[in-house]
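Q: Letter by letter, the chains look like this.
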Amino acid sequence: MTKLLEISDLTLSFKELFATTDVLHGISLSIAAGERVALVGESGSGKSVTARIILGLLQETKTAHITGDVVFEGKDISGMVRRDRARLRGTEMSMIFQDPTSSLNPTFTIGRQFIEILRRRDGNRAKADCLLRATEMLDEVSIPNPERVLASYAFQLSGGMNQRVMIAMALANQPKLLLADEPGTALDVSVQAQTLDLMRNMVTDHRTAVLFISHNLGVVREFADRVFVIYRGNIVEDGPTAAIFADPRHAYTRALMSAVPRITGAGLPEVPEVSEAFLAPQISHGDVA
Amino acid sequence: MIRAFRILSGNPLSLLGLCLVALVVLVALLAPWIAPFPTHNGAVVDFAFANQEPSPRNWMGTDLVGRDIFSRVLYAYQVSLFLGLVVLAIAPPIGAMIGLLAGYMGGWTESVLMRIVDVFLSIPPLVLAIAMMGVLEPTLTNAMLAVTVMWWPWYARLVYSIARSEREEGYVLAAEVIGASTVHIAFREILPNCLPAIITKMTLDMGFVIIIASSLSFLGLGVQPPTPDLGSMVAEGARYLPDSWWLTVFPGLAILVVVFGFNLLGDGLREVLGVNQ
Amino acid sequence: MQSPVLRLLMRRLGISLIVLIGVSMLIFSIARVIPGDPARIALGPNATTEQVANLRAEMHLDDSLVVQYGHFVADVARGDLGMSLYTNRPVTLDIAQFLPATLELVLFAGVIMVACGLPLGILAARHKGRWQDNLVRLFTLLTVSAPSFVWAVILMLLFAFYLPLFPIAGRISDIYEIERVTGFLTIDTLLSGNLLAFGNALSHLVLPACALALSGIGQAARLTRANMVETYDRPYIEMAQAYGFFPSRIARMYAFKPSLIPSLTIIGLDFAAMLGNAFLVEAVFAWPGLSRYGVAVILRKDLNAIMGTVLVIALTFLIVNIIVDLLIAFLNPRIRHSTRASL
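Residue numbers (the working numbering), protein chains in the order written: chain A, 14 to 302; chain B, 634 to 910; chain C, 12 to 354.
What the hints contain is simulated information worked out from the structure, not anything from laboratory work.
Remember, predicted model here, so these are calculated numbers, not experimental data.
Treat each hint with caution, since some may be false.
Which chain B residues face chain C? A few, computed with CB under 7 Å, are given here [said to hold, decoys possible]:
1. Met747
2. Asp751
3. Val752
4. Pro771
5. Ile844
6. Ser847
7. Gly885
Straight-line C-alpha distance at most 27 Å; calculated DSS-like pairs for lysine-lysine [what the hints assert, rightly or not]:
8. A:Lys140 <-> A:Lys75
9. C:Lys268 <-> A:Lys28
10. A:Lys28 <-> A:Lys75
11. A:Lys189 <-> A:Lys16
12. A:Lys88 <-> A:Lys75
13. A:Lys88 <-> A:Lys140
14. C:Lys139 <-> A:Lys140
15. C:Lys268 <-> C:Lys139
16. A:Lys75 <-> C:Lys139
Pairwise CB distance ranges (calculated) [as the list claims (entries may be wrong)]:
17. C:Phe170 <-> B:Leu697: 47 to 57 Å
18. C:Ile334 <-> A:Thr74: 38 to 48 Å
19. A:Gly92 <-> B:Ala807: 40 to 50 Å
20. C:Glu61 <-> B:Thr815: 49 to 59 Å
21. A:Asp97 <-> C:Gly204: 49 to 59 Å
22. C:Leu337 <-> B:Pro859: 14 to 24 Å
We treat Cβ as the ideally placed atom computed from N, Cα and C, and that holds for glycine.
Work out the full structure, taking the sequences as your base and the hints as a guide.
A: Quick look at the structure:
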């Protein structure tokens, strides 16, 4: 099975004046084309920085020191020059952020931002053509009256509406990989659940692979094919979603699961306490169940 | 405080500011002892040495009646710093009080007070001071009065904007719930949160007050001769450009040095205290 | 439906009117409440008691303060600012003669301030913490650390005396006879089609305008930097990065416009500072503007002229601020499209 994304032995540390902070201690994970993979852990465990390394954003930060391979479609991203990395962003990969409303530019209309993004693929694409495509995408995410939305600014729309717009934007260029960093955490629980359903349908239709980053196992269970559990910069357990939920073997995964809030999507799970057992080596359930 | 000082002295630019300010304050205080010609701060003439360019005897040259410019600059620093201190001892408390009242009380008090502040702020600051000096006699006291009158509204607006946002904060609501008095809430709960911003502004303003005061005397509306003042020294010398350049350049640079010092210090302080513009 | 911008304009005009009334009261009280007999001050110590009494009657000084203020407002509303004791002409006429020169100077300085200050601020923000940032910081701190008259003297010494690139003083050389249309010499010379005179007027404008603009450049640059740095921390900038836009495009398209909006307010305030600093620069460069007139009448305790000058400057400043607010409303879709324009 060919992998779309293959990360092996990735480490990340931030160098400050006198101290070095290690953030990732050599993690490996892979995503096949069209596969939905979740990376689960508490805040500060290193999941968001992983997404930013895949996008090639952290490589541009001078204080970040990165080793290991990040191979996307057979090409090593770490070895690329800046310009080549930038070329992948917004075309082959795209990203959805936590808070849709503040992630959309407040001074441009949604339509204008769609045009910008579509022109990442084809710099000369005509405005009318871009807007037509944007309308199509908004239709797909079940937005009524897309023309009105295209002429609006983000602050004029509801959070749920903006989340749909973000999903439409992220998929407008037919990327092969979508990174979703705690999508919709800023939204109401019911709206979040709705938009997650929508996102799952969309990526299935478009055969887009997803790296879904979350602290919430309940949400992950509904969404992902495979799960990686991350704790303090180490992957502690990985495997097909069903297998992990049926038989969580690592102490940290169990702690995380017992802390899952009953209502889907609410709040941060509170892991009881730090335990020696959480530092036990990685347990793998194999690739596919 | 000690921590703040350490951070401040860690930044080379802030340290430079601190040194400049300390130097100016020191030479101003010690002027009677370190000035080469201590008597030249008054109405003295020495025509034998009139209008001399800088030399080992007179580091900054002499003015048209033969007084040592270096000595006069040292004495002028005394006047500038005194004026700045007086203005900043009066204007911020008045402004803060009004801003606090408007921001915390809200309602009619807020509307009336802030409209008054708006009126003061809608006349360019220097113009208001100039207009006042136009009617008053040009003396040091009146110059301080004019600068104070134009200065307090800025503090009123600063404290008002902070107080208004703090009014909604949890700790204020909590104090209200336990029945603390209005005075207690305004002065003991809200005011301390405005202090970093006020202190930073005061440091930065020290430089601006000196600029405004020297501008008034430059126009002949401030401190009158023979009292040495940097602004009037520049004005006097400007007529003799470019030949007697030292008459204007040295007093002008003297203003730059002291204000630059206060600005560097204030800028550093802003970072230490975490205050935004 | 009424457009939000129009509603904002009406609201701002209303507030400005209230402020203007306040300003007139303030100016009136500065002139009247201060100790001493205004008529005596105006006429000087050598005037006879009879002369003083006549002037007192003419200035309504024997009425109550409220009545005096009423007279003052009624006169101002009719465009009558009284006679200047210094020029012996109506103050309105004097102001009409001298105001354009000051406005031309201040507007030109404002253009220089924006044209230099914004790019410097953007440069500093894009290279935050690096040498470009420190250099800009040092420059801006230096420029705001000296009053305009010091910069005026230094610029004059350097670029008019030592390097005779620009004229020393005045608005235009005496050899040109330009018909007065707008009072803006750069425009009037163009209207008369005399390009040499235009160049001459422009070269006279450069040094005073630069001296006036210097501290404003510093303010504008510092503020733009602060706003840009804040904008760079916003999620939508990260989103733009995640979509692979070039850093220069992100700076230009995504970060600049949101940062410009708060900067504009301060640019309005800097404009106010320039109206005041024009008093200093005009004195150095012998610029025949309102400020020089203002200083002259102040030194002669010419009350009507002082009040008129301050009133006109305050009015100019209010108008500029309304323009700035409208510009902000135009740039900021949040105000343009809000149903409730708040300010």
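Q: So, for every hint listed, does it hold in this structure?
A: To see whether the hints hold, each was checked on the structure:
1. Here the hint on methionine 747 (chain B) is broken, as its CB sits about 11 Å from the closest CB of chain C, past 7 Å.
2. Checking aspartate 751 (chain B) against chain C by beta carbon gives a least distance of about 5 Å; that is within 7 Å, so the hint holds.
3. At a threshold of 7 Å, the smallest CB-CB gap from valine 752 (chain B) to chain C is about 3 Å, leaving the interface hint in force.
4. The interface hint given for proline 771 (chain B) is violated, since its Cβ lies 9 Å from the closest Cβ of chain C, which is over the 7 Å cut-off.
5. The restraint placing isoleucine 844 (chain B) at the interface with chain C holds, with a minimum CB-CB distance near 5 Å, inside the 7 Å limit.
6. The beta carbon of serine 847 (chain B) is positioned within 7 Å of a beta carbon in chain C (closest approach about 6 Å), and the interface hint is therefore held.
7. Nearest Cβ of chain C to the Cβ of glycine 885 (chain B): about 4 Å, under the 7 Å cut. The hint holds.
8. For a cut-off of 27 Å, the pair hint linking lysine 140 (chain A) to lysine 75 (chain A) is broken: about 37 Å separates their Cα positions.
9. Of the supplied pair hints, the one linking lysine 268 (chain C) and lysine 28 (chain A) is violated, its CA atoms being roughly 33 Å apart against a limit of 27 Å.
10. Restraint check for lysine 28 (chain A) and lysine 75 (chain A): the C-alpha separation of about 9 Å stays at or below 27 Å, so the hint holds.
11. Proximity of lysine 189 (chain A) to lysine 16 (chain A) is assessed by CA-CA distance (about 12 Å); at most 27 Å being required, the pair is judged to hold.
12. For the given pair, lysine 88 (chain A) sits about 23 Å from lysine 75 (chain A) by alpha-carbon distance, which is consistent with the 27 Å threshold.
13. With a C-alpha separation of about 33 Å, the suggested pairing of lysine 88 (chain A) with lysine 140 (chain A) is violated against the 27 Å cut-off.
14. Between lysine 139 (chain C) and lysine 140 (chain A) the alpha-carbon distance is near 35 Å, which puts this suggested pair outside the 27 Å criterion.
15. Proposed proximity of lysine 268 (chain C) and lysine 139 (chain C) is supported: the alpha carbons are some 18 Å apart, at most 27 Å.
16. Only pairs whose Cα atoms come within 27 Å are accepted, and lysine 75 (chain A) paired with lysine 139 (chain C) is accepted, the gap being roughly 13 Å.
17. Remark: the range hint 47 to 57 Å for phenylalanine 170 (chain C) to leucine 697 (chain B) is contradicted by a beta-carbon distance near 26 Å.
18. Taken as a hint, the range 38 to 48 Å holds for the pair isoleucine 334 (chain C) and threonine 74 (chain A), whose Cβ atoms sit roughly 41 Å apart.
19. Separated by about 56 Å at the C-beta atoms, glycine 92 (chain A) and alanine 807 (chain B) break the suggested range of 40 to 50 Å.
20. Range check, glutamate 61 (chain C) to threonine 815 (chain B): about 58 Å between beta-carbon atoms, so the 49 to 59 Å window is met.
21. Look at aspartate 97 (chain A) against glycine 204 (chain C): about 57 Å separates their beta carbons, and that is inside 49 to 59 Å.
22. For leucine 337 (chain C) and proline 859 (chain B), the hinted distance range of 14 to 24 Å is not satisfied, since their beta carbons lie about 51 Å from each other.
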